[in-house]
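Enquirer: Whatever position you read off the sequence shown (first residue = 1), add 2 for this note's numbering.
What the hints contain is simulated information worked out from the structure, not anything from laboratory work.
Just so you know, even glycine gets a beta-carbon here, dropped at the ideal spot from N, CA and C.
It cannot be assumed that every hint is accurate.
Said to hold, decoys possible - The following label-pair restraints were derived from C-beta to C-beta distances:
no., residue 1, residue 2, range
1, Ala19, Ala87, 19 to 27 Å
2, Leu74, His17, 22 to 30 Å
3, Ile46, Arg82, 16 to 24 Å
4, Gly64, Thr6, 35 to 43 Å
5, Ile80, Thr6, 42 to 50 Å
6, Leu36, Ala84, 17 to 25 Å
7, Val12, Arg72, 15 to 23 Å
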Amino acid sequence: MADTTIRIPVEVRDHLAALAADRGTTIGQLVAALARPARTREQIRASYEHDRDYLAGHLVPGLSDDDAERGLAVLAGIKRSARAA
């Protein structure tokens, strides 16, 4: 992959450097990740259904969509807390 240079304000560069450092990556890898095509709603839904079915079949029998949504909210809160620490 060829490298290229783009002009950005110093403040933006510094912010990207801090974000990359927090994530254990480089600015280039961070920008590359941001530039990847986003998954479609259909792909996201299929992934969610696959994961929910796995959990229901292997770890949490009877898992409902409501339970899964609440679980996702709890996990998101845990992740936010871990990043803030």
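Enquirer: Now, for every hint given, state plainly whether the structure supports it.
Expert: Hints and how they fare:
no.: 1; hint: Ala19 with Ala87: 19 to 27 Å; verdict: 21 Å, holds
no.: 2; hint: Leu74 with His17: 22 to 30 Å; verdict: 28 Å, holds
no.: 3; hint: Ile46 with Arg82: 16 to 24 Å; verdict: 20 Å, holds
no.: 4; hint: Gly64 with Thr6: 35 to 43 Å; verdict: 52 Å, violated
no.: 5; hint: Ile80 with Thr6: 42 to 50 Å; verdict: 38 Å, violated
no.: 6; hint: Leu36 with Ala84: 17 to 25 Å; verdict: 22 Å, holds
no.: 7; hint: Val12 with Arg72: 15 to 23 Å; verdict: 43 Å, violated
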